[in-house]
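Q: Chain by chain, the residues:
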Amino acid sequence: MLSYVSRRLLYSIPIIIGITLITFFIMYWTPGKPTDVSMELNPKISAEAKERLLKLYGLDKPVYEQYWNWLRRIAVLDFGNSFKDGIPVISKIAQRLPATLLLNFLSLGFIFIGATLIGVVCAVKKGGFWDRFLTFLVFLGFSTPSFWAALILMIVFGLWLGWLPISGIVSFRFYELSTLGKVLDLTKHLILPVFVSSIASLAALSRYVRSSLMDTLKQDYIKTAYAKGLSQKDVVFGHALKNALLPLITILCLSIPGLIGGSFIIETIFSYPGMGRLGYEAIIARDYPVIMGIGIISAFLTLAGNIAADILYAVADPRIRYK
Amino acid sequence: MKRGVVVLLLFLFACSNQSSKTVLPASENEKYGDAFIVADLSDASYLNPILASDTSSSQINSMIFNGLIKYDKDLKIVGDLAESFQVLDDGLVLIFKLRKNIVWHDGQPFTARDVEFTYKALINPDVQTPFSSMYLLVKDFIVVDDYTIKIVYDKPFAPNLESWGMGIIPKHIFEGSDINTSPANRKPIGTGPYKLDTWDPDQKIVLIANDDYFEGRPFIDRYIVRVVPDQSVQFFELRNESLDAVSLSPDQWNAYDSFFTHYDKFRQPMFSVTFLGFNMRKKPFDDKRFRLAIEYAVNKDDIVKGVLLGFGSKANSPFPPQSWAANNEIAQSQYDPQKALELLKEIGFEDIDNDGWLEYQGSPFSFSITTNQGNKQRELSAQIIQENLKKIGIKTSIRIIEFSTFINQYIAKRDFDALIMGWSLTLDPDQHDLWHSSQMGEKQYNFLSYKNQRVDELLVYGRSVFDVQKRKRAYYEIQEIMRQDPPCIFLYFPDSLEALHKRFEGIEPAPSGIYHNFIKWYVPKTQMKYGMGEI
Amino acid sequence: MKKLISDNSSFLGLIFIGLIILSAALAPLLTSYDPSAQDLTQRLLPPSFAHIFGTDDLGRDVFSRIIYGSRVSMTVGFFAVIMTLIIGATLGIVSGYFGGWIDSVLMRFTDIMLCFPTFFLILLIIAFFEPSIVNVMIVIGLTSWTGLARIVRSEVLSVREREFILASQMLAVSKKRLFFVHILPNIISPIIVYCAVGIGSAILTESGLSFLGLGVQPPTSSWGQILSGGKDYIYSAWWLSVFPGVIILFTVLSFNLIGETLRDIFDPKERV
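Protein chains in written order, with the numbering used here: chain Z, 639 to 961; chain A, 196 to 730; chain Y, 44 to 315.
None of the hints are false.
List of simulated lysine-lysine pairs, DSS-like, C-alpha gap at most 30 Å:
| no. | chain 1 | residue 1 | chain 2 | residue 2 |
| --- | --- | --- | --- | --- |
| 1 | A | K350 | Z | K693 |
| 2 | Z | K688 | A | K477 |
| 3 | A | K697 | Z | K826 |
| 4 | Z | K688 | A | K315 |
| 5 | Z | K688 | A | K571 |
| 6 | Z | K688 | A | K334 |
| 7 | A | K724 | Z | K826 |
| 8 | A | K271 | A | K460 |
| 9 | Z | K693 | A | K334 |
| 10 | A | K720 | Z | K820 |
| 11 | Z | K688 | A | K345 |
| 12 | Z | K688 | A | K608 |
| 13 | Z | K699 | A | K608 |
| 14 | A | K350 | Z | K688 |
| 15 | A | K268 | A | K509 |
Worth flagging that the hints you see were computed from the coordinates, not collected in a lab.
Construct the entire structure; sequences and hints are all you get.
A: Structure, rendered in structure tokens:
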């Protein structure tokens, strides 16, 4: 097991380098300069001043030299400073990562619970009304353009009913609230973003649980359990579900890249301070150090997710042994 | 959960009802309090005026920092940190007398040394400032005494005075450290009416009133900028009364009255112009008759009506009507497709094969109109122009390109036929860099490659004299020439449209907008919405 | 096919998609309005007999924009999936069939591509300079093949291990014949399911790209572009976003329901 993990870790190194290489060269190949967005077409800023800035950023050097410099710095964990505001990339990411993780772990939890419940109902009532109805519902969620769904939910719950705040992550008065108040406030702000970012994944996973549970229910040991006179509830929740959920671990771990990268669209609509917006704004502003930083960190976390999936799987299912 | 929400709502309700209903006369003391909450599409970058070039930062910096001079409500230059200033030797020498008794937010006194430090930072090649060029023109910077500065130039240059509106940064904070990475860029110390309280990246920036501000403490306790990156969501927040001011699109301005029951709307011309420009290095765009023909063929009134919904005015020149340099006597542009066709015929356009499209010198002709992605008004203008030109038989295609790509691949390489762009203009009418034929280099701004000898002379003259009447005459003539030899098709001057919550009082709309006297705005005690501890 | 029709939901799906394709083909017969003809005196009109879906901010008829837009959206969905198929299926088959170092290299490459979050997609689009229909299709194809490659690979692997393949190898059947007669029929069903669902996803991705302003460009209109254009008026002119939104929703839903039924048909385990 240990040797397997260390081998996997070793394998990850070329993958990570490959990722940085591809990101770097696409970035370089993409037209545009970090001096464009905020400064271009502002007659107060002269062409010479812009040239000077590019030099200060080290962008006048040949591309391989720029990549080599970046790689050397990254070896000592120096991610560089953002071109936009001079802040170290690592602290920019550190500022946004908690919010992104919060949103995404909540969504993951919601997806996991929702998919399991829906999957169980569908499998047990296979072919019946509830199976069809819930299937239709999850596919409906999957088929809606997310920004549109978000805006409509905002109008309904934020404007018409006034139950939920429209955007942001906490209210203005957040720092003065009691702990309970803070939790409540945060919860209210998170309901819509979590819901919108989950509905797309609910379909695939609940279908997965359904078919996996149906397979399990045909196994001999389940028949034995029924024969012993256990109720359907006990059989499903006590015996079958545990085994049916195994593959779900892998799927959830594999969905980490999308989650870490954050969803730019959802974060923008809900004014949510996460990684997706950071990444998108960095691309638009050609903030190279930030783009590279996000690229490498999400690659790293993704690989970690993959390895974790394998390990968890082995732990959960004693039949699997890695060499 | 649902019950939790309901309980919380009741609780909020109870709070808002507690505010006292007794009406008191608004004595000076009664005016202090409340908060002003605005939204911005993106977060600020540097809270340091010499490093920041984005509008989000500039807006906040203008609350925290002061320049030596500023534009007053009538767009006249007056002293700010400077008590008075003199322009000597036809503009070769500027003398600033600084106000005494100004203190930085940390209590340190402000002196001429701070101005000198700011100047040195601006010309220091290691400082990542985009503004260096204006200050490299300075020949001598002399600190006469703690409160007097003398600045000497090689050549007289009218915009020099305006350049000292740059925010002054504190020497004692930045000295000895790297300005580019100084922590003070996130925790600014300025001289302005507001100080930084908190900055939650990508969420909000809270400024708090400066008790020691030299023009008196602002009445409104807090100035808060929330980052709301989507304009439709900003509008929802406005409907919910969680924002106090939002800039509106023309359609939002016309939205149902119910949106604005608690808001006043303000409309103000802006210092910017949108134009359809041609690449004059290519044929037939270099022929002024072609450009004049397009000028006749484009229905600017339709664009103002359809794109701006009338909130703006048709442009005939690059000088907005509220500028002192605007010549309102010049001929208005006319929509006259017949005249356009005549002009086009003169330079060799004809429909030879009767397919409804004009051929140029015997071969099929079409050109592309490029604009940047993310600007709806420009996209709509492009589509209207496309329809206008279709009517006279000119085929066009529209390309909408991501901004940075647009600048580097198309403008810098001169790889375009026509484009729709806008200039945001300085209050000073100097437009040398936009139209002078010496400014056609790769990164320079005359990318349309306009060349007119007389305009060149006038542009140079216009910025070398300080006398307003003389400058005016030069700019008037430029505008007349540009009617005969248009550098591009000027389309419109947009208005800025803004909604502002009704509880604010003391607003005085003026040519410079509504924010010039922000520190005098207040909310009557009974209508105050946010208490001091509440935000 | 019979099953596909006998299942209620996928039958409805088939009908809906049939209608969309039909209306795309017969667009000029269904509407008398030119989808790009502007009439600024008629802007933002609510639905009426003259304009059943209302008019947009330039006075264009929303119904005819959606009808003509379906040509663009369906094309994008269809060809993006073909791109995905070409890359994903090829890599998966090659990887699974040859195994060994080829398999390792290709799967590591797939791992790398899987690691890129969505923002990479945006980078790619900007790198392609111009957001045109073709580039949108290429980019969606380039970024969505990894899943298919993995599925196909594992199918090929499992087929290869089965007895009949081993037997035919012993009988010295030619590789070509082995592939076309034995392997291909076995992997075709997951591919078909993937395609049905993939067209729907591609249409959704295109609308997300339009939201970012990186989708198909005007005056060509796709559903996503009409929807994101209508977003700014969502509270004052609902018809600009509700109609395209609903059309997208039902189209994608139809593809998914069809895919789901196909999955049931192909998966023998689920047969009752």
